[in-house]
Each structure stands twice: as structure tokens, then as C-alpha cells.
Amino acid sequence: MDHTYTIEFDQPNAIYVPGQLVRGTLTIYNTCALNALSLKICIHGEVETFWKKFASKDRVKKAYPNDNTHGGHRSHGHYYKYSDHIRYTSKLNVLTAVSQPWSSIQNPTNKIPIGANIFPFVFQLPVNCPPSFEGTHGSVRYHVHVELNRPWSLDVEAKRSFTVIPIIDLNMIPKVLNPMISNACKHSGFLSSKEVKIKFSIPKSGYTPGEVIPISIFIHNHAKKPIYYAKAKLMQHVHYQAQQENTHMLPDEHCHKHCEHKTAESVISEMEKSFEIKCCSEGEVQLALVLPNPLKPTFQTAILEVDYCIIVEVEEDKKLRCEFPVIIGTVPIGRVMGLSRAPTYSIVEGDIPLVFEAPPEYQERVEVVMASAPPAE
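Heads up: the sequence shown begins at 2 in our numbering, then just goes up one per residue.
Hints were generated in silico from the structure; no laboratory data involved.
Please note that the accuracy of each hint is not assured.
[Stated by the list, open to error] Across the chosen pairs, the derived CB separations fall in these ranges: (1) His188 / Glu135: 41 to 49 Å; (2) Lys92 / Phe55: 21 to 29 Å; (3) Glu277 / Asn172: 38 to 46 Å; (4) His188 / Thr90: 46 to 54 Å; (5) Lys274 / Glu9: 43 to 51 Å; (6) Phe55 / Cys33: 52 to 60 Å; (7) Arg161 / Lys92: 30 to 38 Å.
Every residue, glycine too, gets a C-beta built ideally from N, C-alpha and C.
Input sequences plus hints: build the corresponding full structure.
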């Protein structure tokens, strides 16, 4: 090839947090001079949801009128079925910015010279951009790409993705500090004279990846049978919203009327404990549910949302269960973030630490481009 393009980020793992500077370099290596009008480096972030829905419909075949062709008898119409796939998709632009490090206006020859041409870039992420995410029916993705405007075409010559993770400080959410309590009761026997009462509790509703969630279960067993075990699990719910293709809305129109919703549910962590609470007795059981690391935090956008809940169940009885909604953050309760430097987290496979801190200054003079979501039309 006559020209090669390489995008390098200042962070080795290309992982950034909202509000951080995304620094890097574009290197164009030419074996011959490259004719061009302009060179743009673009940053882009997008939330996308998508799925297909199978639909079966009835269609009526028209009847023939009375004529001699059909022996003077009217031919009755009939139904037949056909199937189709309806596509649902929505896109939400959460980040966009452009830097133009080279232009033919400043270079009368209209050529990028032979050899290695290095173009540094700096973009600042918005403080409210959602984290990177990959799901069954949607995603949140970020990338930097290069647009080279030649006299005869506009080409996207290179593209490289990067990851955004948020800093969700649970200390800044007062409600997560409060304990959560739930009660369940089941009656059985003649005139419902036998009953089991259970009190579930957790010390708080905010957790971070790798934490252990202590779950207390206090059981009053006045039934005829002993109680032998309980289990707990952390559930992740991903809520998607998408618009049917070829459906048009005004810019300020809420899309609930024209959209469909889909929820994907998965078990993130679970555990089970055996014990024995005999008839006409009571006792307390402690469970310890370990959260995996890494784990995507709780977040919400207009078309994609991730939330979590803890489900505790005794004897797999739906009447003896509870559900606690919880928030997954990145800064645990009790840890105070410094003003000059954010803490170190283990957030990727292989337990690779990442230090969130301001990157070193470039020696070159580089314009910082503020990246943001595009304004509403």
C-alpha cells in the first residue's frame, strides 16, 4: 500500500472515564505524496438498539364474480397466511467532535508529504457520557476515525475503538447507605393455622464489583416441615427501547407510542446454603453473595438501561422470597475520592489495574476539542 494509517491512544488499554482527555496520535506513512484537500480526526459515541420480530399475518384472496367461467357459481374468497420480520432499531448520538489538523489552505501543494506524518489529537469527553456496553439487543460504543477528503472522494481511512467506564461514587448517593428489609409469610394447614414468617435484610443498597453482599434471613418456622436451604442471586436487567423501521416522529415527540421494549435478564452471581430450621422453631441464617469483577455499573440512557436486583428465596417457594433493587457503582462506600487523583480500579479481564489520572502534557501545541452530544434539531 502507498499509505498506511495508525491511531494510537495515550492510555495503553484505551480506557477512559467521563470528563477525561482522550489524547493520541494519528500517523500517516506515505511512500509517495498524498493528494488531499483536508484531513479530519473525528470522535464519536453512539447508543444503538436493534432486534427483529417475527410476525404472521392473514391476507384475503379476492373472490371471483358470478360468470360462466366458474359455472355460474360465485367463487368464495379465502385466507392464507404469510410471515414477515419487522425490524426495530434506534440510535442515540451521545458524543461527537471533529479536529482538522491538516488542510490544503495551509498547504498550497495540496499534498501530505512522503514519510511519517504525525498528527496529535486531544478530545475531552463529556462528564455525563454513558459507559461502553455490549448486549444482546444493543450497545454503547466509542471510536476515533479519520476522514481524508481527496479531490475525488471522501474516505474513512482508519478507525479505532476505545472504552469508557464511569466513576459512580456511591458516597454521593445518600439512599444507598440505608439498610433494606423485606418480609414474607406463608400460611398452610387447616384454616391456615400453620405459618412461616421470614425477614430478609441487607445492610445497604449500593455495591461495587468484587464486594461481598451479606444477607440476613430470620426465619420463624411454625409449619409441619423443617426448612433446609436458601439461595440468593444477583440479576442483571437490560432494558432496550427501539423504534419500528419506517416510523417517523417529530424531534420532540416521545417515542413510547411508536416503540417497543425488550428486556434481557441474566444471572450474574448466585449462591446456595444448606441448614435446618426445625418445626416450631426459629433461627437466623447468613448468606454471602460475592459480586464478580469486572461488572458493568448501573446506568441509564433514553433507549438503553442497565439495572440490578438481588433475589433471595427460601426452599424455592415463590411465597417465601424477596427482591432488593441495588445500584452497582465504581467507588465503594467509605472510600473518599481525592481531588487531584482518582483511585485505582481493577476493571478488565486479567485484573489489569488502571490509574485514572491526568495524562502528561504533549510537547506539541495541540488544540483541545470539547466533545459533546449534538444539539437537538
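A quick look at each hint next to the structure:
1. His188 / Glu135: 41 to 49 Å: holds (46 Å)
2. Lys92 / Phe55: 21 to 29 Å: holds (23 Å)
3. Glu277 / Asn172: 38 to 46 Å: Given range 38 to 46 Å: holds, Cβ gap about 40 Å.
4. His188 / Thr90: 46 to 54 Å: Holds: the Cβ-Cβ distance is about 49 Å, inside 46 to 54 Å.
5. Lys274 / Glu9: 43 to 51 Å: holds (50 Å)
6. Phe55 / Cys33: 52 to 60 Å: Given about 53 Å between the Cβ atoms, the range holds.
7. Arg161 / Lys92: 30 to 38 Å: Cβ of Arg161 to Cβ of Lys92: about 20 Å, so the range 30 to 38 Å is violated.
Of the numbered hints stated above, the single one contradicted by the structure is hint 7.
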